[in-house]
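Participant: Each chain, written out:
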Amino acid sequence: MTAPGTPAARPPAGPEAGAQPAVTWDERPTAWARLVSSVDARRAFAYLVGFLVLAVMTGPSGSSSAPTSGFTGSLFNPRVFWFIGLAVVFWGATTARHRYQARIRAWNDSVLALPRRLMPDKRVRYGFYLALLVFAIIYPMHVSGFWQQVAVQQIGVYVLLTVGLNVVVGYAGLLDLGYVAFYAIGAYSAAFWTGAMPVHLPFHLNPFWTIPLAILAAMMAGVLLGVPTLRLRGDYLAIVTLGFGEIVSIVAQNLTSITGGSGGVLGIPHFSVNLLGVHYTWGLGNLPYYYLLLAFVVLILVLFHSLEESRVGRAWTAVREDEVAAEASGVNVLKYKVMAFAIGASTSGFAGVLTASQVGYIEPQDFTYYLSILILVLVIFGGMGSLPGAVVGAAVLQWFPEFLRLHPLFGFQQQDLYIYLGALLIVMMIFRPEGILPSKRRKREIGLAEHGVGTADAMTTTTAEIQ
Amino acid sequence: MTPMLALVGVEVRYGAIPALREVDIEVRQGEIVALLGANGAGKTTTLRTISGLVRPSKGAVLLNGRRVDQVPAHQVVGLGIGHVPEGRRIFPRMSVLENLQIGAYHRRGVTQAELDHIFELFPILRERRNQEGGTLSGGEQQMLAIGRALMSKPQLLLLDEPSMGLAPLVVEAIFDIIERIRDEGTTVLVVEQNAAQALQLADRGYVLENGSVVMADDAETLLGDERVRVAYLGEGAA
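Protein sequence lines, in the order shown, are assigned to chains A and Y. Following numbering that gives the first Met the number 0, the numbering of the first sequence begins with 0 at its first residue and continues without gaps. Following numbering that gives the first Met the number 0, the numbering of the second sequence begins with 0 at its first residue and continues without gaps.
If you are wondering where the hints come from, they were derived from the structure by calculation, not from laboratory data. It cannot be assumed that every hint is accurate.
What the hints assert, rightly or not - Pairwise CB distance ranges, derived in the manner of DEER restraints: (1) A:Arg310 to Y:Arg125: 18 to 26 Å; (2) A:His304 to Y:Glu119: 29 to 37 Å; (3) A:Val123 to Y:Leu168: 42 to 50 Å; (4) Y:Gln111 to A:Leu231: 36 to 44 Å; (5) Y:Gly184 to A:Gly242: 37 to 45 Å; (6) Y:Arg125 to A:Asp234: 38 to 46 Å; (7) A:Arg96 to Y:Arg125: 34 to 42 Å.
Glycine included, each C-beta is placed from N, C-alpha and C at the ideal position.
Chain A on its own, in the form it takes in the complex (with noise of 0.2 Å):
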């Protein structure tokens, strides 16, 4: 095994290459030969170099004037010395992982089942979650405003757009690389809904009342985009649905007396309630909206549990396995891939009025094809299938950018917030491939793939198609 960017580690040339038989030659590797091939040497160079390239890339940039001066200044900057540091560690966490690998294969099978076996009792379990869920209320309300809003807008927001796009890739095995298509019609939904578009009604619509509307619109988008689609396999959806994220977000820039273009649409509002005497309005605060979102993210997941645990979960599971067996055993399967998209667009919408409703402006730079691939980063780092690792991950990933931006040493930049994603996302793969939270059964499939039975990417592509 080796890590990421190593153009070194190859087998090692020995001193035998290109020897003829009947040739004798030294047996004995040089000192050198020996350490190229030592495992240990290898690993340990590709670590560092992988992390030293990680250090020159995030750190200080350099200007047209001076181009090399980014380099220099990031590779004599203090921080190197964390991320060599970094690559010490995570050196010996893998030598160490394969020599005791047994050990450490137990101990993570005995971690991965302590809930199981904490919470055997159903009660204890939602007893856990309402712990959970107090915290959640409680908390946000003795963190900084800047925290506050972290937890609305990169948290929040997150948690619902991973647990919708949860539906699509890890319950039915469909890879969706527009998601944030969906995310963007909700959002500009909002925005003409409540009158907020250059192109508007008579009449403008509460915020609450866009959210049915809006939802709708992004579920016969999916559904419009799913039934063509859905018929082909694997990788072809995956092209689609990257075209249509690029083609609204393109849409959304151009078409500017409807969408109102690159500059956006402004003065979208608040959330209001006006009923029985009860007024009152969600205005900038992050407060309010948090404990709006926790309400709906609280319900969508109770929601998605039960369609999880439903007949519709199961047939997911077949569909996502193997499209034929599950269509020849008597699974509709294109209406099930089609359900789980439609049901994955709607809550991206969903989000999207939310989103729209809260910062109060959208415009096309919000809904780029980064976005996609960070709520799918979001999705596979928590665990594939998985609810609680959806929400653990999107709030997880979402938060350590942040902390990283105040942290004095790594002075994180948002422009280097992919380069981050990728590395983490690396050494997840080498450690922990079945997520932070798996779900029992993708474990199982991680597990299955080691020993050579079956497959574990997530979109489950049947090839033995014809005869």
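Go by the hints and put chain Y onto chain A.
Facilitator: This is chain Y only, laid out in the frame that chain A set:
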């Protein structure tokens, strides 16, 4: 009497390449019918056409006199055709129990008695019911695939190469079970490379060559037929 299953002049094309030409096959209630032929003769395509996974470009598939060739595959199951696909294709990461439940998907609700019936046919599956399908041996997977198809309570069971890649003893066990399934009232259409064993099991047989039926007769007659012996039973021309 109308046969349970009839293929009338069925033609199937994969693009421009014809896979079946003018195929006529009949399966009567309570029979075991064997479909023989070399690789690429069209045996699997025939089964896939019957279960709706492939659409014929000409001809018709009739089940009890009703056309089923335009019915979507997932609904064909509900009409009473169970398909055990080639290479078993069980769901490797679902447990044995979940695999069986998917087999009864179109009916909603599986009773314990139905599961018990499958477990009685295949006692090993009861032992392994909570194990994931992918960890079963080849023979057990084949049993699971047959059990899954039986869960849909088919009148007609399509078996695609049930002996593929299995040890002779296991094949024998599977063939015994096929006979038992027939005795319990399910009609069977079985595709086999293993012609000798299939013909011993079957009542009648069809031989496919290049997508056409070239022979159709009682199993015994086929077993004794010179051409079949040379081509499919591996005996030199006497």
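Participant: Each hint: holds or not?
Facilitator: Do the hints match the structure? See the list:
1. A:Arg310 to Y:Arg125: 18 to 26 Å: 23 Å, holds
2. A:His304 to Y:Glu119: 29 to 37 Å: 35 Å, holds
3. A:Val123 to Y:Leu168: 42 to 50 Å: This hint holds: roughly 49 Å between Cβ atoms.
4. Y:Gln111 to A:Leu231: 36 to 44 Å: The hint (36 to 44 Å, Cβ to Cβ) holds, given that glutamine 111 of chain Y and leucine 231 of chain A are roughly 40 Å apart.
5. Y:Gly184 to A:Gly242: 37 to 45 Å: Roughly 52 Å apart at Cβ, these two residues miss the hinted range, so it is violated.
6. Y:Arg125 to A:Asp234: 38 to 46 Å: 40 Å, holds
7. A:Arg96 to Y:Arg125: 34 to 42 Å: 38 Å, holds
In summary, the one numbered hint that this structure violates is 5.
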